[in-house]
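Going down the list, the protein sequences come from chains L and F.
In this text, residue positions in the first sequence follow our numbering: the first is 1, and each later residue adds one.
In this text, residue positions in the second sequence follow our numbering: the first is 343, and each later residue adds one.
Don't read these hints as lab results, they were simulated from the structure.
Remember, predicted model here, so these are calculated numbers, not experimental data.
Misleading hints may appear alongside valid ones.
To be verified - Listed next, the in silico DSBU-like pairs over lysine-lysine satisfying Cα-Cα at most 30 Å (straight line):
no. : chain 1 : residue 1 : chain 2 : residue 2
1   : F       : Lys468    : L       : Lys284
2   : L       : Lys221    : F       : Lys493
3   : F       : Lys489    : F       : Lys526
4   : L       : Lys241    : L       : Lys199
5   : F       : Lys493    : L       : Lys238
6   : F       : Lys489    : L       : Lys51
7   : L       : Lys235    : F       : Lys367
8   : F       : Lys441    : L       : Lys49
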Amino acid sequence: MNRKKLKPFKTVALLAIILQFAFFNVQSSWAAEPVRLVINDGASNLQLKLKIERAVSTLLTDINSSFSDNLTIPLLPGSDLLSTDAARDLKQLWSNEQFRCRDEEVVEHLLTTRDGYQVRGIPLSVKHPDSSSLTYQEAVINFDKNGLIISFFYAISPELYGKNTKGALQDSRNEVTDIEERMMILNYVEHFRTAYNQKDIEFLRQVFSTNALIITGTVIKVSRSELNPNGVRIKYRKQNKEEYLSNLQRAFRANSYIKVTFDNVFITAHPTIQNIYGVTVHQKWNSSRYSDEGYVFMVWDFRNQDEPQIHVRTWQPEFLTHDQRIDSNDIFTLGDFDFIDR
Amino acid sequence: MKRCLIFCAALMLTLTASAIDPQLKRINNIKLDTTYIYVDVTMPTMEQAKELAYVQLQQDVQKWAKQAHVILPDDINSLAETITSRRDDQYRFFAFINKEKLQNKPQGKQVPPVPQEESALDRIKKVHYDFELKQMLESLKQRGEIKEYGKYSTIKNPEQCHLIIYDEAGNVRALLGPGTTERKNLLTNQPDSLKNYRGSRADWFILK
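Isolated chain L, as found in the complex (with noise of 0.2 Å):
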């Protein structure tokens, strides 16, 4: 052969080669970006390092490419790095609302828990269900002792988990020293917040003791007193397990989306009865059907801290008229409840 005739066809077949890649690069940055964690601190074996970025950059780019193609059931990494539950628990969270990871390069300390590992801080993108809006929602991910992904949790606002953790270690009201197992507590609020946008019923029927006690407070309008200058009190209702849970089950199913965010995280310690801690949280509820705000107050169980039990769950408006907010004495709190150690 002609090597002189061969020429043009090589710079041709190269250019193309180049114009290829291009397009790919410019493609991929508008369509779904690969997702890099880096762990920059805590992570002292660097092979568990190594598998712990390797899952959650799989994990996050399997989420951005699932987020861009629209996909009803997401893309989601094999049983060697995400396990069967989170996996689980992945889809159905994305059945009521999706999200991608924001940042195509994501830098975080790896925390070492009671059970294992986590990353806190995941930048997501999360879509309106009733519109094209983004809303902006950290996540937090565990790992058990080998790296595998074994939760995905929406977290509490970063700021509030740190003065909440650093608050524990500084005052010694709370009685709490134990930063492992004060993370643990918030590691189950998290998931209790997150087990309403998934709808996840099970988790709630497994978490909530056999008795727990629901008292759920709706503003009624009263005469006018000098008790009640404004017209108006808290009427509360009390509920067992099973009419809470059938009534939320109800309203999982009437609402195409429920969103429950969670912010202004109080816990205190129970002064006498060991691992016992209330719960006071900052409830935003917003769904297909209804939306409210105000404060649940729970009674959380860690004395089998294997399987931790929620024994009361209080909910109390914030506003009791447009511009008249609860009184924060009126706010219930573990004083209000009497527990005898068993």
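With the hints as your guide, set chain F onto chain L.
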């Protein structure tokens, strides 16, 4: 043709490089550089993000200084550099300090001061929200560090009482010391008066 190839290769490299936001890259490089202490806060408003970032930065720098035996300059936050950005409906405030800027006065053989337990008043000063105070005041009362507390509507001897003033959202606006018309604002150390907070909610407490 050669020029065309070079142009295409350069274009490709530019497009590849531009895939990562330069601001994000800068933040991540600082996060990976162990010579920096950093905080990364995202909140619904820039003011909230900034406030929390500086509080956290102070705490993190003090923790590091204790371990490194370094005496810190007075105004740590003035040494911090910042990067701000929007994250969907929220605001990111990233603040960082190079440790070298803080390392000019080593403690040498100085004996570290014995930590003293915080007084009830010091603890109350640190609280930002009404619901936190409610639980704290009850706890302090049970521990005998305050005599009594209550809503402003139940106050009996106002001249003996400290007053905590809240805004509508329950944020602490002021902590006023005992007094009659003139009181001292213990958060600003300036003279203040209850008259300046008409329409606000308040709680009172009496120290032991």
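A quick look at each hint next to the structure:
no. : hint                : in the structure
1   : F:Lys468 x L:Lys284 : 26 Å, holds
2   : L:Lys221 x F:Lys493 : 24 Å, holds
3   : F:Lys489 x F:Lys526 : 20 Å, holds
4   : L:Lys241 x L:Lys199 : 16 Å, holds
5   : F:Lys493 x L:Lys238 : 28 Å, holds
6   : F:Lys489 x L:Lys51  : 56 Å, violated
7   : L:Lys235 x F:Lys367 : 53 Å, violated
8   : F:Lys441 x L:Lys49  : 26 Å, holds
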